[in-house]
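On the provided structure of chain A, position chain B as indicated by the hints.
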Amino acid sequence: GNSVTQMEGPVTLSEEAFLTINCTYTATGYPSLFWYVQYPGEGLQLLLKATKADDKGSNKGFEATYRKETTSFHLEKGSVQVSDSAVYFCALSDSGGSNYKLTFGKGTLLTVNP
Amino acid sequence: GAVVSQHPSWVICKSGTSVKIECRSLDFQATTMFWYRQFPKQSLMLMATSNEGSKATYEQGVEKDKFLINHASLTLSTLTVTSAHPEDSSFYICSAKQRGSYEQYFGPGTRLTVT
Chain A
29 GNSVTQMEGP VTLSEEAFLT INCTYTATGY PSLFWYVQYP GEGLQLLLKA TKADDKGSNK
89 GFEATYRKET TSFHLEKGSV QVSDSAVYFC ALSDSGGSNY KLTFGKGTLL TVNP
Chain B
98 GAVVSQHPSW VICKSGTSVK IECRSLDFQA TTMFWYRQFP KQSLMLMATS NEGSKATYEQ
158 GVEKDKFLIN HASLTLSTLT VTSAHPEDSS FYICSAKQRG SYEQYFGPGT RLTVT
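Just so you know, the protein sequences line up as chains A and B, in that order. Note that my numbering has the first sequence beginning at 29, numbered continuously upward. Note that my numbering has the second sequence beginning at 98, numbered continuously upward.
This is chain A alone, in the form it adopts within the complex (with noise of 0.2 Å):
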């Protein structure tokens, strides 16, 4: 079956850091790839998608590369905001059925520090 990895966190990070999230899959067929976010108290919202191999989403600075070869849509922002702070899932949507399931990964816990 399907499923999603990535990597565990929490990660803290400083102003204005680098960040990387990495997120690898397993799937039948092609799937299409999504970074959600959940800022605290809120729903998950989604932050970016891809659709096919070699696909770049991108989204307020955050960016994530379809990579087929090696099964990974790594989530990166060059200079991340205190605003930041939140829960990331990576997640993948069946390419077959009409009803798109997600299956997600457990999420990543970013905490950005001023």
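Rather than coming from a laboratory, the hints here were simulated on the basis of the structure. Mixed in with the good hints, there may be bad ones.
What the hints assert, rightly or not - Here are some chain B residues pointing at chain A (derived, C-beta under 8 Å):
no., residue
1, 139
2, 140
3, 179
Just so it is clear, CB atoms sit at the ideal spot from N, CA and C, and this is done for glycine as well.
Just chain B, lined up with the frame of chain A:
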């Protein structure tokens, strides 16, 4: 953007009782809704998928007689935990999507504690 609400945000109930959690799409029609369960420091685990007007499809290992899901309208789905036990204590999250769209919009979650 699309907003999904959940009610209540937290609930405490006694063992053996039932509790209902509501999930509403506030500004769009949700043809499909999903219910997830999240344990501390764990991933979101999909429990079931419901399409409006149809019976829910449960994931393997999820007891459909214990977790009753109703999706009677395009804006409302409910999850009822029947005869709750302490091991049912968890964080329950719903999401909703529109027909033909891949994107799911998530509610803020409901913390259930069974004493």
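Hint-by-hint comparison with the structure:
1. This hint holds: residue 139 of chain B has a C-beta 6 Å from the nearest C-beta of chain A, less than the 8 Å allowed.
2. For residue 140 of chain B, the shortest C-beta to C-beta distance to chain A is roughly 4 Å, which falls under 8 Å, so the interface hint holds.
3. Nearest Cβ of chain A to the Cβ of residue 179 of chain B: about 24 Å, over the 8 Å cut. The hint is violated.
Violated hints amount to a single one, hint 3; each of the other numbered hints is respected by the structure.
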